[in-house]
Amino acid sequence: MTVLAATGLLDAPGAVVSGSSLLGGQTPTQLVGASARTLRAVHGGRIGFVFQDPGTSLNPLLTLERQITESLEAHRNQTRRRARGRALELLTAVGLPEAERRLDSYPHQLSGGQRQRVMIAIALACDPELLIADEPTTALDVTTQAQIIELVQDLQRDFGTAVVWISHDLGVIGQVADDVTVLRSGVAVEQAPVLDVFDRPQHDYTRVLLAARPLVGGDGPPPADPGAPVLLQVDGLDVRFDVSGPTGRSTVHAVQDLTFHIRRGSTLGLVGESGSGKSTVAAALTGLVTPHAGSVALDGVDVLAVRGSDEKKLRRRISLVFQDPFSSLNSRLRVGAAIGEPLAVHELVDGRDGRRARVAELLDLVGLTAEFASRYPHELSGGQRQRVSIARALATEPDLLILDESTASLDVSVQSKVLDLLTGLQRDLGLTYLFIGHDLAVLQRMSHDVLVMRDGAAVEYRPAAELFAEPQQPYTRDLLAAVPPARPRASA
1 MTVLAATGLL DAPGAVVSGS SLLGGQTPTQ LVGASARTLR AVHGGRIGFV FQDPGTSLNP
61 LLTLERQITE SLEAHRNQTR RRARGRALEL LTAVGLPEAE RRLDSYPHQL SGGQRQRVMI
121 AIALACDPEL LIADEPTTAL DVTTQAQIIE LVQDLQRDFG TAVVWISHDL GVIGQVADDV
181 TVLRSGVAVE QAPVLDVFDR PQHDYTRVLL AARPLVGGDG PPPADPGAPV LLQVDGLDVR
241 FDVSGPTGRS TVHAVQDLTF HIRRGSTLGL VGESGSGKST VAAALTGLVT PHAGSVALDG
301 VDVLAVRGSD EKKLRRRISL VFQDPFSSLN SRLRVGAAIG EPLAVHELVD GRDGRRARVA
361 ELLDLVGLTA EFASRYPHEL SGGQRQRVSI ARALATEPDL LILDESTASL DVSVQSKVLD
421 LLTGLQRDLG LTYLFIGHDL AVLQRMSHDV LVMRDGAAVE YRPAAELFAE PQQPYTRDLL
481 AAVPPARPRA SA
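Start counting the sequence shown at 1; every next residue gets the next number (full-length UniProt numbering).
Simulated from the structure, these hints should not be mistaken for laboratory data.
Be careful, since some hints might not be right.
[Claimed, not checked] Calculated cross-link-like contacts (lysine to aspartate or glutamate; reagent style EDC-like; alpha-carbon spacing at most 16 Å): (1) Lys417 - Asp364; (2) Lys312 - Glu347; (3) Lys312 - Asp353; (4) Lys312 - Glu397; (5) Lys312 - Asp238; (6) Lys312 - Asp302; (7) Lys313 - Asp302; (8) Lys313 - Asp324; (9) Lys313 - Asp364; (10) Lys313 - Asp399; (11) Lys313 - Glu347.
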């Protein structure tokens, strides 16, 4: 919000912006109160933007070439041919493989990391004086995140571009920033060089943020019972998708011969890069996709073989909490209706009064009061929405809770509270978790065992304490090496 206001992207009368925001350089420009014509010249020309989600920022109907050349034609009056050459230079500079061929590709044909590289290329098309990167690595795995950070730093060094990097990940801030401004409720509570913020924080809120960071090498979860019975047994799971592309039809082998188990009351962490097959595993376990081969047994019952009413009873014992509570909750349903829906579908309570009482119990279980039942999702914070998502998942009284990147979009203090909530629920209710994520520090905090995936296959599968202390596979070591350090380097 602060950066949107400072760059003239908040429109009246919906927003009233006062104060001063001066873009320096050879032609100093006052952005607050500037005319639409001035802002059109500045945005894309002198200021480049890289937003969090390239999936929504890129136009799905335009090729990569067209999306890059638009600003060149608008701000630099370049011919189509010359702009295409510049687009190729930019895609090469940001490290996109097969850059010339990719000029004619569409966003859906790229991975998340590749789409973010394209966003950076678009932002740099007109050699901006200022690059604003708004949570550009939040949805990326650690290795892709490290590559994007290195890319921006290289481009900053080569082109002399100033960067404003917005993030809730203090580890990333420690890697990219020279100076840090800490905001709380729209107020700057601390402004200092990055090493001072990490080593000598002055404000209580800054100290809370630093203390809430999960760090690789930190504590793991409370110990689980090693003699507990196996709840989930997966053997030889194999998932394939038939896809169509410019060269015809092909088969994507999303999950390959995957075998693992989870004991009651314990947590298995599933980690890997984007596209490694983690979410496909979750989809296969919950019946959202049909495996090509393999077996999935819950308490010894084959989940993939049951049908009819037996399938409905078995499926309710596995619940799923998605990454983004902003999109996974129906914006038209009040919280009470969202949580009450699975209660009605599975006929778990009698009547409206019974459903209302159970909704209140579930809200209390996740640390929210009964009054939240009357609210809509847009009236809640990100952390509150995720608590509602967890309450909805618990409504069916599941044995297994699948958490698919369920804390990735939360800031560190809220994330820490949600992780504490999940740990407490596991202790009190005996829940079993499959915790899917790309944040290795969070995985270590939550997991008793860890399965590392790459290209749909298992790379390493061991107790968490052993894997983090002495990873056996080079790929696992690469993932750990890509995690931002706990403290910024002195040269940051």
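Hints and how they fare:
1. Lys417 - Asp364: 15 Å, holds
2. Lys312 - Glu347: Cα-Cα ~11 Å, so holds.
3. Lys312 - Asp353: Given that 16 Å is the threshold and the Cα spacing comes to 24 Å, the pair is violated.
4. Lys312 - Glu397: 13 Å, holds
5. Lys312 - Asp238: With Cα atoms ~23 Å apart, Lys312 and Asp238 exceed 16 Å; violated.
6. Lys312 - Asp302: Distance of about 13 Å is within 16 Å: holds.
7. Lys313 - Asp302: Distance of about 13 Å is within 16 Å: holds.
8. Lys313 - Asp324: 27 Å, violated
9. Lys313 - Asp364: 25 Å, violated
10. Lys313 - Asp399: OK: Lys313 and Asp399 at ~12 Å, within 16 Å.
11. Lys313 - Glu347: 11 Å, holds
In this structure, the earlier hints numbered 3, 5, 8, 9 are contradicted, and the remaining ones agree with it.
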